[in-house]
Amino acid sequence: MPLLVAGLALGLAAATPPTPDAEITAAAEALTPRLVETRRDIHRSPELGNREVRTGGLVAERLRALGLEVRHPVAKTGVVAILKGGAPGPVVAVRADLDALPIEERRDSPYKSQNPGVMHACGHDAHTTIVLGTAEVIAGLKARLPGTVVFVFQPAEEGPPEGEAGGAALMIKEGVLEEPKVQAMFGLHMDPTLEVGQVGWSIGPIFASSDTFRIDVQGKKTHGAYPHTGLDPVPIAAEIVSSLQLIVSREIDAQNPKVLTIGQVHGGNRFNIIADAVRMEGTMRTLDASVRRELKDRVARVVKGVAEAHGTTATLAFRDEGNPPTMNDPALTRASRPALERVYGRASVLEVKPQMGAEDFARFAEKVPALYVKMGVRNEARGITAMIHTEDFDLDERVLPLGVRAMATMIWDRLAAR
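Going by our numbering, the sequence shown opens with residue 1, and the numbers climb by one from there.
I should point out that these hints are in silico values taken from the structure, not numbers from a laboratory. Where hints are given, some of them may not hold.
As the list claims (entries may be wrong) - Here are the computed lysine-lysine pairs in the DSS-like style, where the Cα-Cα straight-line distance is at most 30 Å:
#1 K367 / K181
#2 K353 / K296
#3 K84 / K173
#4 K84 / K181
#5 K173 / K367
#6 K112 / K220
Let's have the full structure, built from the sequences with the hints guiding it.
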């Protein structure tokens, strides 16, 4: 009997190939010059959502050169590549985003944006580079790979142009999770609040939901000296803004994080004329799906009620379906922490608090168990401290080989675990 047990143990060990940490590390380090070159190339030529023609083409060309099965374009400008290992096993996906932001880059560097008014201010150039590098490393281990990896390069994470479909929702609609059927998914983000060499994780929400809305308050134009002959929408709009903040501070449990911001208010065209309308635009964020629904309902009630109280009408419109909170699957997160610790060292693998920013990776995480990690890029000694979505954002490029090692190791561990 002991011999039989020993034989079974040996059989199981043989069936589950060990993670080739040393080979992954060596391959990622050898790739470093190419990773830096690729990231800088993409950074110099940023493209907005649904317009990532050059970037998508570059990605597709690199993946084809690795011998992967490539689909391009997907969801307008995206790329999907499939790598089937030499052994059967699960299907795991990893996602990078391709698009840049409408920001004029201010920081001088040899790789400064050459596209006026457009900049990679959110690190998507690094995300794309890291996932390309991950594909190259794993392709080199294909014969021993115990499963299939789907590499997803998504357009329009920052949102498609108004009136266009795009982003994660369109990729899902076009079947990127179905052929082959993905069983787990990884994502990553650059984080300037963490030092390079650190990585952040959390169980449950890591990013908030995001809903963009517009409120139109109807008035009646008249001379500013005779407001009683018209209907002034400006104070009504101001009352709506104040009342919306009462929802946040007084109507929903304070232990449930939420943010409601009015970022734009437009009305009128002359100092002495009562405006005929006011338009406001804003965003709301929550970490809980039920709070999100409640907040939407209460905003609608306030907008309608305040307008009616002043004898006018106001309309509330949400731009699209928005994004739910980005949720990290507890089991996948716990199973992936050892991989992160082997790459970064246990002391540098940090549990982080959820942030009120948003990510449409949440759409993928609604469909399959997912893990989204934050990779540190901060380096105060080199002046790399600016936040994302600012004109001075940059990153310490040592994150690139670290990121490749982390993603490749987590993917391999998940496949080997079956």
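Against the structure, the hints:
1. K367 / K181: 11 Å, holds
2. K353 / K296: 24 Å, holds
3. K84 / K173: With a Cα-Cα distance of about 23 Å, the restraint between K84 and K173 holds, given a limit of 30 Å.
4. K84 / K181: 13 Å, holds
5. K173 / K367: It holds: about 12 Å lies between the C-alpha atoms, which stays within 30 Å.
6. K112 / K220: The given pair, whose Cα atoms are some 49 Å apart, is violated under the 30 Å limit.
Going down the numbered hints, you'll see the structure goes against just number 6.
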